[in-house]
Amino acid sequence: MGSQGGFYQSKEFLDLVKSIGEARSKAEEDRIVLNEIETLKRRISEPDIPKRKMKEYIIRLVYIEMLGHDASFGYIHAVKMTHDDSLLVKRTGYLAVTLFLNEDHDLIILIVNTIQKDLKSDNYLVVCAALNAVCKLINEETIPAVLPQVMELLAHPKEAVRKKAIMALHRFYQKSPSSVSHLVSNFRKRLCDNDPGVMGATLCPLFELIARDVNSYKDLVISFVSILKQVAERRLSKAYDCHQMPAPFIQIKLLKILALLGSGDKQASENMYTVVGDIFRKCDSSSNIGNAVLYECICCVSSIYPNPKLLESAADVISRFLKSDSHNLKYMGIDALGRLIKISPEIAEQHQLAVIDCLEDPDDTLKRKTFELLYKMTKSTNVEVIVDRMIDYMISISDNHYKTEIASRCVELAEQFAPSNQWFIQTMNRVFEHAGDLVNIKVAHSLMRLIAEGFGEDDDNADSKLRSSAVESYLRILGEPKLPSVFLQVICWVLGEYGTADGMFSASDITGKLCDVAEAYSNDETVKAYATTALMKIYAFEIAARRKVDMLPECQSLMEELLASHSTDLQQRAYELQAVIGLDAHAVECIMPSDASCEDIEVDRDLSFLNDYIQEAIEKGAQPYIPESERSGMLNISNFRNQDHHEASSHGLRFEAYELPKPAVQSRIPQALIASTEIVPVPEPMYPRESYQTTMPSIPSDAGSAELKLRLEGVQKKWGRPTYTPATSTSNSTSQKTVNGTSQGDGASTVSSMCETYDSRKPQVEVSHEKQKLAASLFGGSSKTEKRPATGHKAAKASSHMVEKSHVPKSSMEVASDKATSAQQPPDLLDLGEPTATSTALQLDPFKQLEGLLDTTEVASAVNGAPAASISPDIMALYVDTAAGIHNKNDADLLSGLSNPSVTNMPGTTAMPQVTQSSSKRPNPKDSLEKDALVRQMGVNPSSQNPNLFKDLLG
Amino acid sequence: MIHFVLLISRQGKVRLTKWYSPYSQKERTKVIRELSGLILTRGPKLCNFVEWRGLRVVYKRYASLYFCMCIDEDDNELEILEIIHHYVEVLDRYFGSVCELDLIYNFHKAYFILDELLIAGELQEPSKRTVARLVAAQDSLVETAKEQTSSITNIIAQAANFTIKMLHKGYGPWGSNALHLESLLLVDVCTRLVDQH
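Line order of the protein sequences matches chains A and U. Start counting the first sequence at 1; every next residue gets the next number (UniProt numbering). Start counting the second sequence at 1; every next residue gets the next number (UniProt numbering).
Misleading hints may appear alongside valid ones.
Reference excerpt, derived from the structure (chain U facing chain A, CB under 7 Å, subset only) [as the list claims (entries may be wrong)]:
no.: 1; residue: E79
no.: 2; residue: V98
no.: 3; residue: I104
no.: 4; residue: Y111
In the BS3-like style, the derived pairs of lysine-lysine whose C-alpha atoms are separated by at most 25 Å in a straight line are [to be verified]:
no.: 5; chain 1: A; residue 1: K323; chain 2: A; residue 2: K309
no.: 6; chain 1: A; residue 1: K26; chain 2: U; residue 2: K18
no.: 7; chain 1: U; residue 1: K45; chain 2: A; residue 2: K41
no.: 8; chain 1: U; residue 1: K26; chain 2: A; residue 2: K175
no.: 9; chain 1: U; residue 1: K45; chain 2: A; residue 2: K18
no.: 10; chain 1: A; residue 1: K41; chain 2: A; residue 2: K53
no.: 11; chain 1: A; residue 1: K309; chain 2: A; residue 2: K218
no.: 12; chain 1: U; residue 1: K13; chain 2: A; residue 2: K26
no.: 13; chain 1: A; residue 1: K26; chain 2: U; residue 2: K45
In short, the hints are calculated from the structure, not lab data. Each residue gets a CB set at the ideal place from its N, CA and C atoms; glycine is no exception.
Based on the provided sequences and hints, a complete structural model is requested.
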C-alpha cells in the first residue's frame, strides 16, 4: 500500500513545509507562517479557483492553524467546501471545519443544512463524513435539526454508519442529556447488533447512562455478563484480537460497566464472579493490553460486592504489577492497590517496601500516584508521617496545580486525623506558609472555624489550649518575611478573636503586631481589612473587660490613614473602629461579644421589629408597601431573569420550516389573560411572554408554558431572544451512590505487626534502615500480634523478591548494552525498549521460538487476509526480505524492532518472530527507498538536519 | 474520554493536533507548550503517564515522534497506550512503514485515519482491519474518480485526433464543416462526462 505514501501536493506547499521544518527559531517559523497567511489571504479570495487548488489552500490553512496561528479568515471557505458535490473535496471541507470550529462557532449554522443533506446521501462514505462532523460540530441548539436523521441511520445497512450514528447520539447525550433521553431504548437494541464494532460502540453511551442512573439498567447485567463471556471465549472474529487477546477494548468497556452495575449490589455481583474470575485466569500478563484488562478487572473487583476469591486474584495481580520493572505497571499497581485497599486494607502491608520504593522514585508521576495511595490509607496512626512527607514534597515542586491539590489534601487529613492540637496547628502553619496563595480560601475559613469551634469534643479546656497554641505560633510566624495573604488573614482573625483571651499577651502586644502586619502588607487590602477588624475586636474586648484602653501611636496613625482610604471597605472599618473605641463598656459588650464567632445569628427575614414603625407611618397616611410581584405596568426584572435562565436549558433553534401564522393568535391572548385576577393589559404583541409574566405570576410554570406555547404559535422569533418552548423536564435523577457494603476496618485490628517481619528480613535483605522505619510508621502500629504463621515464608518471599530486584537491572543493562553494540543506534532510541520483556524473551528455548514464529506468521497472514493487503506468508521470502531490509535501510535498523515493547510483549514470542513480523508487515522495502528518492527529487532534504524523519515509527 | 491527541516531534514541533474537548486557539498553544515541556524532558525509563492539570496525559515515543493523548483521571492508562499503538499500526499499514516524514507531508491523511479510529473522544473501532478498509474505501473512491477522468481525457484526445485526421484526409459523407461540428459535439459530450465525475 505504499502508493498512498506519495505526495500529491504542489511544490509550493512542500516548500512551505520544508522551510518550516528548517526554521531555526520560533521567530523564523512565525515569519514564514505570517508570509504564508498573507499569500493565502490573497489567493483564496480570487474568483474561480479550481477545486483542486482550493483543496490545497484549505489543507494549508489547516497546517498554519495547527502551528498555532489564526486562520479564521479562511473558515468560510472551508464551510463552502463542505457544500461541494464531490466526496473528495467534501471530505477535506469537513475535515477542515471539524478542526477549525468549536461547537459554539457562528459558522456552524451554515453547515447544518449541508449535514442534513449529506446524512441522507446514498453513498455511505458521504454519510460517514457527515457523521464525523456531527460529532464535533453539532451543539445543543442544533441537535434537533439532525436528530431524526441520525436516528434513522441506526438502521443503516452499513455497520460503519450505524457505529458512527451511535457515537453521535452519545455525543448528543453528553451535550444535552434531555435531548436524547427518550432514545435510550435504541441503545439497548443496538447492543444486540450483529456487528461487534457497533456493539462495542454502544457500550460508550450505555456506560455513561449507567453511570448516571444505575438502577434502571440492572436488567442488563445478565446480557453484559454473557457478552463478556463470549468475548473472553474468543467468539468474536480474529480481526478484533489485539496481541492475541480477544477484543480487549470491548472487554475493558464491559468490565467498566459491570463495575458500575455491581457496586453495592450483591445479587448483581454474584452473576459476575465467574466471568471476572475467568478473565483473571486467561489474561496474558506479558502484553500491555493484557495488563490493561487485568487492571480493569481489579477496578471491577474492588467496585462490586466483594468476593474473597476474586480479591485474592486481584491481590496477586497487584503484587505482580508492583514487582515489575516497568514503571507503567508499578504505577498501575499503586493505583490498583489504592482501589483494593478500601475493601481489604491488609493487602497494603505486604507491599510496603514496593510502595516506599515508588515513593522515593525519581519519577514524579509515580511519586504522585503513591501519595494518592498514602492519602487513601491514612489513619490516625500514620497521619504524622504521611502529612509530613506530603508537605515536604509540596515544598519541593513548582507545579501550582498539583501543589494546590496536595495542600488541600494535607489540610483534609490533618483535620480528620490530627493526633494533637499542637501538631495540627503546626501542620496548618507549614501548609499555609508554603502554599498559602494556592489554597482555596475555603480551607482558610474552615481552619478559622475549627479554631473557633474546637475539635468537637465538649472540652473547653482543650479548645482554649488549641487557641492559645495557635496564637503563640502565629505571633512567632509573623516575624517571617513575606507570608501568603490567605495565611495572614487567618492570623489576623485568630489574633483578633483570641489574642488576648488567655491573658498571656497584653492588648498592646497584639495590637502592635497587627499594626505591623497592616503596615508591612500595605498593598493587600484584604489583609488590612482583617487587621483593622482584629484591632477593633481587641479594643472592644478591652473595653468590655473594663480595662483602660491606650491606643498605640502607630495604631492611631494607621486608623487615621485608613479613614482617608480610597477603599470604601477599609474606610468603613476604620470608622467603625473609631466608633467602637468611643462607646461605653455595656454597648461594646452587645455589639462585640467575646468568643461569639460561632454563635448563630438569627436573621428576622420578615423584619418584624419594624412593624410598629410601619404601623405608625401608615397611620400618618403613608402608602402601604406593594410587593414587587404585584406591582404592574413595569417589567418584572427578577422574574424575567429567572425565566430566561430556566429557558436556557430547553430552548432551541428550529430547523423545520416556519408554520403559517395563525389568525387565531390574537383571540387567544385574552383567553390566557383571563386566568389572572388582576388584569393589567399590557398590549405588547412583540413581547407576549413578558406581558404574560407580569400578569400571571401565580400560575404554575408547567401549565403556563403549555398555554403559552399555543399563544406563541406563529409569532415565534427565530433569531432573537430564545423563545419559549415547553420545559422538557431535565431528568437529573440524582444518581444514588451506594456505598460499598463493607465498612472500612478501623485500621489497628487489620494491620498485622511489622516488627517480626522486619526482624526476619534484616539478615538477608539489605533494605536501608530508614526505609524500614518509614514503612513501619506508614503501615502500621506494632501493637498487634502476628496473625499469620508463615512468617518465614513471607520473609523468604521478600528476600527472593529483593534478589530478583538486584539481579534484574543488571541483566537488563546487559541487554541494553548488547543492543547498543549490535544495533549501533543513537542512544536516544534505546529508550523505546522495556528491558524486562526483552530479557525474558532472550531466555526462551529455540523450539518455542520456532513455534512462535509459525504462530505469528499465521496470525500475520490471517490479519493480512483482507483483500486490500495480500502478503504471502512465505517464510523464506520473509527472510529474504529481512535481509534486504537490513541492507537497504540505512538508519531504520530492524534490530530496533527488538526493543519495541508492543511486539515484544507477546507471550512466547522472541526475537525471531519479531523480525519476521516486522518484515512481513512491510512486504516491500523499496517503499521507503522510493519515498526517500521522491523527497530528494523534490528538493526536500531534511535528512541532513534530522535523520529521524525517515525513521520507521514502528521499527 | 480522550480530550485531545497531540503528535509532537522530539524538537517540539507539532505534527498533528486533534481536540475533542473545546479549547480556544490561545489555550491550545498554551497546552502544547506546557506539555511538550513536560513530556519531552522526561527520561526514557519513566512511566508513559504524566499528571497535568488534574488530567492525565499518556504518551509514547515512536522513533522521533511523541504520540500524546490526554484523558480523564479515571480512565485506563494502559488501554490508551494500546490505542496509541493501534493508531501507529494503522498508520504503518497505510503508509507502508510509516515515518515522520509521511506524517509531515500527509498530515491530512493522518487526520482521516484518526477520524476512523476515534470519534468524539472515544475509540470507535477496535479492529485495525476495519479501519484500514474504510480509509481505503474513501481513497479508492478518490482514485477511481481520477482514473475515470484520465480515461475520459484519453477518449477526448483520441476523438480529437481522429477528427483532425478526418479533416485532413477529407474523408466521410459530410462536408468538412459538418465534420467539424460533429467533433465539437463529441468534445462537448466528453467534457460533460468529466464534469459529472
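Verification of the supplied hints:
1. Restraint check, U/E79 versus chain A: the minimum CB separation of about 4 Å is within 7 Å; hint holds.
2. Using the Cβ-Cβ criterion of 7 Å, the hint placing U/V98 at the interface with chain A is satisfied: the shortest such distance is roughly 5 Å.
3. Look at U/I104: its Cβ gets to within about 6 Å of chain A, closer than 7 Å, so that hint holds up.
4. Below 7 Å, beta-carbon pairs count as interface contacts, and U/Y111 has one with chain A at about 6 Å; its hint therefore holds.
5. The straight-line distance between the Cα atoms of A/K323 and A/K309 is roughly 21 Å, inside the 25 Å bound, and the hint therefore holds.
6. Restraint check: the Cα-Cα separation between A/K26 and U/K18 comes to about 22 Å, which is no more than 25 Å; the hinted pair holds.
7. Note on U/K45 and A/K41: the hinted pairing is violated, with a Cα-Cα distance of about 47 Å set against a maximum of 25 Å.
8. Using a Cα cut-off of 25 Å, the hinted pair U/K26 and A/K175 holds, with the two alpha carbons roughly 23 Å apart.
9. A distance of roughly 33 Å separates the Cα atoms of U/K45 and A/K18; the hinted pair therefore is violated under the 25 Å criterion.
10. The straight-line distance between the Cα atoms of A/K41 and A/K53 is roughly 14 Å, inside the 25 Å bound, and the hint therefore holds.
11. The suggested pairing of A/K309 with A/K218 holds, with an alpha-carbon distance near 24 Å, which does not exceed 25 Å.
12. Between the alpha carbons of U/K13 and A/K26 the distance comes to roughly 10 Å, so the proposed pair stays at or under 25 Å and holds.
13. Proximity of A/K26 to U/K45 is assessed by CA-CA distance (about 30 Å); at most 25 Å being required, the pair is judged violated.
Of the hints listed earlier, those the structure fails to meet are numbers 7, 9 and 13, in rising order.
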